[in-house]
Amino acid sequence: MKYFLNNKQEEPLFKFLVKINKAEAGYYLFNDVEMAMEKARVLSLAEYPISIIYETVKDGFGEWLMKKIFLYIEGKPIFNKDAHNELHVKFYVESGDWLNPCDDVK
86 MKYFLNNKQE
96 EPLFKFLVKI
106 NKAEAGYYLF
116 NDVEMAMEKA
126 RVLSLAEYPI
136 SIIYETVKDG
146 FGEWLMKKIF
156 LYIEGKPIFN
166 KDAHNELHVK
176 FYVESGDWLN
186 PCDDVK
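Residues 86 to 191 in my numbering are what the sequence shown lists, from first letter to last.
One thing to keep in mind: the hints can contain errors.
Unchecked claim - BS3-like mimics (lysine-lysine), calculated; alpha carbons at most 27 Å apart, straight line:
1. K107 - K153
2. K100 - K143
3. K166 - K153
4. K153 - K143
5. K143 - K107
6. K166 - K107
7. K153 - K87
8. K152 - K87
9. K143 - K87
10. K100 - K166
11. K107 - K93
12. K166 - K93
13. K153 - K100
14. K93 - K143
15. K107 - K87
16. K100 - K87
17. K152 - K100
18. K153 - K93
19. K107 - K152
20. K161 - K107
21. K100 - K161
22. K166 - K143
23. K152 - K166
24. K93 - K152
Hint data in this document are derived by calculation from the structure and do not stem from the laboratory.
Given the sequences, and given the hints that come with them, work out the whole structure.
Structure, rendered in structure tokens:
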């Protein structure tokens with residue numbers, strides 16, 4: 086299943102995206118940062134040693150981008166103090182499958 090966005094200006098119904106650090110990986114969507122952090126911690130221990138938490142941010146042109154705010158490496162969080170805006174939210178949700186469609190995002 087995929088989370089669908091019509092365009093780059095459509096505000097997503099989630100605040101955080103969690104995925105393991107692999108190109109083909111699916112993703113988990115959350116509105117609660119604590120839930121996102123716990124999922125990233127578990128993934129980094131059980132599935133793949135590095136997981137990432139992205140936060141949605143709106144740029145000056147009205148487009149929604151992702152900002153990498155935390156890395157989890159083997160269960161330990163690392164805050165990304167030098168975080169910068171990355172690619173559009175639409176890119177991330179179209180590049181994998183939504184793995185928790187009923188948890189936190191309605």
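### Message
So if I understand the rule, the pair passes when the alpha-carbon distance is 27 Å or less; does K93 with K152 pass?
### Response
OK: K93 and K152 at ~15 Å, within 27 Å.
#### Entry: Straight-line alpha-carbon gap K166 to K107, limit 27 Å
holds, 22 Å
### Message
Against the 27 Å threshold, does the CA-CA distance of K166 and K143 hold or violate the hint?
### Response
holds, 18 Å
### Query
Given the hint that K107 pairs with K87, does the C-alpha gap stay at or below 27 Å?
holds, 17 Å
### Message
What's the verdict on K166 and K153, does the C-alpha distance respect the 27 Å limit or exceed it?
### Response
Within the cut-off at roughly 10 Å; holds.
### Given pair status - K100, K153, alpha carbons within 27 Å
Roughly 12 Å separates the two Cα atoms, so the pair holds.
### Query
Given the proposed pairing of K143 with K107, does the C-alpha separation stay at or below 27 Å?
holds, 25 Å
### Message
Against the 27 Å threshold, does the CA-CA distance of K100 and K166 hold or violate the hint?
### Response
holds, 18 Å
#### Entry: Hint consistency between K152 and K100 [alpha-carbon to alpha-carbon, up to 27 Å]
holds, 11 Å
### Message
Would the hint linking K153 and K143 be met if the CA-CA limit is 27 Å?
### Response
holds, 14 Å
### Given hint K93 paired with K153 - CA-CA distance at most 27 Å
holds, 18 Å
#### Entry: Restraint check for K152 with K166, where alpha carbons must lie at most 27 Å apart
holds, 11 Å
Every hint, counting from the list given before, is met by this structure.
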